[in-house]
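A.B. asks: Using the sequences provided together with the hints, build the complete structure.
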Amino acid sequence: MRKSSLTRGHFKAGIDAVRGAKLRSFWTMFGVIIGVVSVITIIGIGQGVSRQVTGQIHHLGNDLITVRPAQLHPGGDHGNGSVSLLSDSSGLSGTLRTHDITTVAGVKGVAASAPLTIVTGKVTGDQGNYDQGFVIGTGTDLDSLLNQSVAYGSFLTSDDEGSNAAVLGPHAAEALFNEDVPLGRSFNFHGQRFIVRGIFNNFTTTPLTQETDFNNAIFIPNEVAQDLANNAAPTYEILAKPSNPKQVNQVADSIQRALDRSHGGQSNLSVSRGNQNVVASQDILSLLTKLVAGVAAISLLVGGVGIMNVMLVSVSERTHEIGIRKAVGATNRQILSQFMVEAATLSVIGGTIGVVLALAIDGLMRAFTDIRPAISWQTVVLAFGVSLVVGVIFGTIPALKAARRDPIEALRSE
Amino acid sequence: MPLIEVQDVSKLYGFGDASTLALDEVSLKIEKGECVAVMGPSGCGKSTLMNIIGLLDRPTHGSYKFDSKPVGRLRPNQAAKIRRDSIGFIFQSFNFLPRLTTLENVALPLVYKGVSVSRRIKLASEMLERVGVQNREYFLPGQLSGGQAQCAAIARALVNNPKLIIADEPTGNLDSASSLLVMELLADIHKSGNTVIFVTHNPELTRYATRVLYMHDGQIVHDEKTALGRVATTARKVLYTLPAAVNEDDVLAGVSAIMKAIPSKLTTPRPKRKKTKAKPIKRTAAKKRRQS
Chain P
128 MRKSSLTRGH FKAGIDAVRG AKLRSFWTMF GVIIGVVSVI TIIGIGQGVS
178 RQVTGQIHHL GNDLITVRPA QLHPGGDHGN GSVSLLSDSS GLSGTLRTHD
228 ITTVAGVKGV AASAPLTIVT GKVTGDQGNY DQGFVIGTGT DLDSLLNQSV
278 AYGSFLTSDD EGSNAAVLGP HAAEALFNED VPLGRSFNFH GQRFIVRGIF
328 NNFTTTPLTQ ETDFNNAIFI PNEVAQDLAN NAAPTYEILA KPSNPKQVNQ
378 VADSIQRALD RSHGGQSNLS VSRGNQNVVA SQDILSLLTK LVAGVAAISL
428 LVGGVGIMNV MLVSVSERTH EIGIRKAVGA TNRQILSQFM VEAATLSVIG
478 GTIGVVLALA IDGLMRAFTD IRPAISWQTV VLAFGVSLVV GVIFGTIPAL
528 KAARRDPIEA LRSE
Chain U
120 MPLIEVQDVS KLYGFGDAST LALDEVSLKI EKGECVAVMG PSGCGKSTLM
170 NIIGLLDRPT HGSYKFDSKP VGRLRPNQAA KIRRDSIGFI FQSFNFLPRL
220 TTLENVALPL VYKGVSVSRR IKLASEMLER VGVQNREYFL PGQLSGGQAQ
270 CAAIARALVN NPKLIIADEP TGNLDSASSL LVMELLADIH KSGNTVIFVT
320 HNPELTRYAT RVLYMHDGQI VHDEKTALGR VATTARKVLY TLPAAVNEDD
370 VLAGVSAIMK AIPSKLTTPR PKRKKTKAKP IKRTAAKKRR QS
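Which chain is which? The protein sequence lines are P and U, in order. Residues in the first sequence are numbered from 128 upward in steps of one, following our numbering. Residues in the second sequence are numbered from 120 upward in steps of one, following our numbering.
Calculated from the structure, these hints are not laboratory results. Be a bit skeptical, because a hint or two may be false.
Said to hold, decoys possible - Taking lysine to any residue and the SDA-like style, the derived pairs with C-alpha atoms no more than 25 Å apart in a straight line are: (1) LYS184(U) to GLU536(P); (2) LYS282(U) to ILE535(P); (3) LYS149(P) to LYS200(U); (4) LYS200(U) to ASP533(P); (5) LYS528(P) to LYS151(U); (6) LYS528(P) to GLY191(U); (7) LYS184(U) to GLN465(P); (8) LYS232(U) to GLN461(P); (9) LYS528(P) to LYS148(U); (10) LYS232(U) to GLN465(P); (11) LYS200(U) to GLU301(P); (12) LYS528(P) to PRO195(U); (13) LYS200(U) to ILE524(P); (14) LYS528(P) to LEU219(U); (15) LYS528(P) to ARG218(U); (16) LYS151(U) to LEU131(U); (17) LYS184(U) to ILE535(P); (18) LYS249(P) to GLY175(P); (19) LYS200(U) to LYS249(P); (20) LYS528(P) to LEU131(U); (21) LYS151(U) to ASN292(U); (22) LYS200(U) to GLN465(P); (23) LYS200(U) to ARG532(P); (24) LYS148(U) to ASN214(U); (25) LYS200(U) to SER540(P); (26) LYS282(U) to MET467(P); (27) LYS528(P) to GLN197(U); (28) LYS184(U) to ARG532(P).
The model shown is predicted, which means the values in this text are computed figures rather than measured ones.
C.D. replies: Structural data, given as structure tokens:
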């Protein structure tokens, strides 16, 4: 009887001890956890949004040069995508012609160029007519100009020029053949048979207008496109890239001059640089960067203050304990190092839990929302480091103050 | 060679008008092996003297030699080392760390001495066995009875094998049976050669002392050698003279009667204390009650 009650006593005492210390430790760590989680998550969301916006703006690159007719009118009822052109039948100005393509390609300093020519007409595949997209005649450099990779097969090569090869946007491939990788399959266009050579990865941006979606497009060699349309297909855009990205302005000017010359000095074509297009976006981006930095600073501050408060409270609660320890012979340094080790341990454990929790929240956000938080290792190190430093400093300074107090005074406080 | 040599020690608290003279040029010598009981009313400076002797506090004036070394002006860390190595404390309210087990609490002074964990546990366990609460090793202090807790506190005071044990009202929170147990333990420790100083309000407990000091308003007013096992004569006098000051009216008046008795005992002017201010108010209140 006595033995059993004793055993139960031991057991209960052990549980109580763990529970008692655990609760305070947990609350102390809780401050650190909240601090770390909020800092990582907020900075992650900020950087993620910033990266998403930047990615959309910079995907095409800063050095992309576009040549367009001056009057490009979006909208219309031609049924080919949602871009239509107000064709200038005179063909002298306002419309890009085949020789403009060669002119642009021939300008000194141009590394790559490709036209974008829309060909109207019915596309017929295994699944019947395909009318959601459009057919674009283009050159072999388009993939590198758009920074767009091919998922399966390959893009048009110089061997394909003049032959009936096609590269499909992923949605077009799906709609035409009802499969992801229809390499080698064929479809009919203007009575001719085209073989699928490659499938693009998903396009995130398009170099045209907001309404066109290259995911629905079918790309064929420009010569073939012009043949099909009896050289009447409108080329609405020529893309070019300089060999040296830093000379984008000079090359753009050269292109403008060369076009003006070939059009008898009165071309109605506009040459614009990629970074001209994103000048406004650059302002937005720098604002966004400042916003993220500001939010990060505030969240660090808030997290730090939270940790500080928890540490201050937890230490000042223990003044009596410090008094007892001093009475039995602990020196100030021994008390200080004890509290420092405790604060560091709690901060490290809390910080680790916080990082894990923040990564879990990141995963949840990726799974259930459109937000793509970008958690860099710098963010993690920053949050962890700040919480550790703040935790140790504010876990130790009040302990130091308490340790320097009269032991009797500390003993008296309860 | 006395273990404790206190010379003209004064302790002042506060500044200016609010200052309080807790110790008034106290001189005292305690030899090795003595068991000294300190008696006196609340606020007479007993605890302050204990704190100074125990190096928890420093005197404002005067010199203090512990074990022939001057320690009155030690830096806090040096004082902490002497506390750790040579002095054991027993408090009225036990002063355990509530989240550590009894065993860990008893082993606490060894932590700061740098003793290894296994040896700490062994020494603390032995000490708990000596005071008779070994079967409560893994209990938290809050789960011990008052007597057991004070025994464990004695174990903690003894674990570093100190030269001096200071007990500030060790039986203040205990019933008479537990008090007896604790005092027998202290007597045991004294018999085995330790020097013990304890503060008490209970004249009966002077049986365990070889010497009794009476303090009043920061001074030692009487110093008496006494035989072990006998209640000190002055202590007995204190016990029997106090009720004589109370007449029938005073019994009706209750506490205020004792308050009334105090000013008559103050023959020489002393630095003013906060207590004296409170007296007239209470007396008039008592008078009113008597009239009604």
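A.B. asks: Compare the structure with each hint and give your call.
C.D. replies: Quick rundown of the hints versus the structure:
Between the alpha carbons of LYS184(U) and GLU536(P) the distance comes to roughly 24 Å, so the proposed pair stays at or under 25 Å and holds. Between LYS282(U) and ILE535(P) the CA atoms are separated by roughly 21 Å; this keeps the pair inside 25 Å, and the hint holds. A C-alpha spacing of about 31 Å is found between LYS149(P) and LYS200(U), which places the hinted pair above 25 Å, so the restraint is violated. Between LYS200(U) and ASP533(P) the CA atoms are separated by roughly 15 Å; this keeps the pair inside 25 Å, and the hint holds.
Restraint check: the Cα-Cα separation between LYS528(P) and LYS151(U) comes to about 37 Å, which exceeds 25 Å; the hinted pair is violated. As the CA atoms of LYS528(P) and GLY191(U) are separated by approximately 23 Å, the hinted pair is consistent with the 25 Å bound. The straight-line distance between the Cα atoms of LYS184(U) and GLN465(P) is roughly 31 Å, outside the 25 Å bound, and the hint therefore fails. For the hint pairing LYS232(U) with GLN461(P), the CA-to-CA distance comes to about 10 Å; that is within 25 Å, so the pair holds.
Distance restraint check for LYS528(P) and LYS148(U): the Cα-Cα separation of roughly 35 Å exceeds the 25 Å cut-off, and the hinted pair is therefore not satisfied. Restraint check: the Cα-Cα separation between LYS232(U) and GLN465(P) comes to about 14 Å, which is no more than 25 Å; the hinted pair holds. In summary, the hint linking LYS200(U) to GLU301(P) is not supported, as the alpha carbons are separated by about 83 Å, beyond the 25 Å threshold. Restraint check for LYS528(P) and PRO195(U): satisfied, since their Cα atoms lie roughly 14 Å apart, inside the 25 Å limit.
Restraint check for LYS200(U) and ILE524(P): the C-alpha separation of about 23 Å stays at or below 25 Å, so the hint holds. Distance hint between LYS528(P) and LEU219(U) is fulfilled; the C-alpha atoms sit about 23 Å from each other, no more than 25 Å. Between LYS528(P) and ARG218(U), the direct Cα distance comes to roughly 22 Å. Compliance with the 25 Å bound is thereby established for this hinted pair. Between LYS151(U) and LEU131(U) the CA atoms are separated by roughly 29 Å; this puts the pair beyond 25 Å, and the hint is violated.
At roughly 21 Å between alpha-carbon atoms, LYS184(U) and ILE535(P) fall within 25 Å of each other, so this suggested pair holds. For the hint linking LYS249(P) to GLY175(P), the alpha-carbon distance of about 42 Å lies beyond 25 Å, and the restraint is violated. Only pairs whose Cα atoms come within 25 Å are accepted, and LYS200(U) paired with LYS249(P) is rejected, the gap being roughly 97 Å. The hinted pair formed by LYS528(P) and LEU131(U) meets the criterion: a straight-line CA distance of about 23 Å does not exceed 25 Å.
Between LYS151(U) and ASN292(U) the alpha-carbon distance is near 28 Å, which puts this suggested pair outside the 25 Å criterion. A C-alpha spacing of about 17 Å is found between LYS200(U) and GLN465(P), which places the hinted pair at or below 25 Å, so the restraint holds. As the CA atoms of LYS200(U) and ARG532(P) are separated by approximately 17 Å, the hinted pair is consistent with the 25 Å bound. For the hint pairing LYS148(U) with ASN214(U), the CA-to-CA distance comes to about 28 Å; that exceeds 25 Å, so the pair is violated.
As the CA atoms of LYS200(U) and SER540(P) are separated by approximately 23 Å, the hinted pair is consistent with the 25 Å bound. Taking the CA atoms of LYS282(U) and MET467(P), the gap is near 32 Å; set against the 25 Å cutoff, the hint is violated. Straight-line distance between C-alpha atoms of LYS528(P) and GLN197(U) comes to about 18 Å, which keeps the hinted pair within the 25 Å bound. Between the alpha carbons of LYS184(U) and ARG532(P) the distance comes to roughly 24 Å, so the proposed pair stays at or under 25 Å and holds.
When held up to the earlier numbered hints, the structure conflicts with 3, 5, 7, 9, 11, 16, 18, 19, 21, 24 and 26 and fits the remainder.
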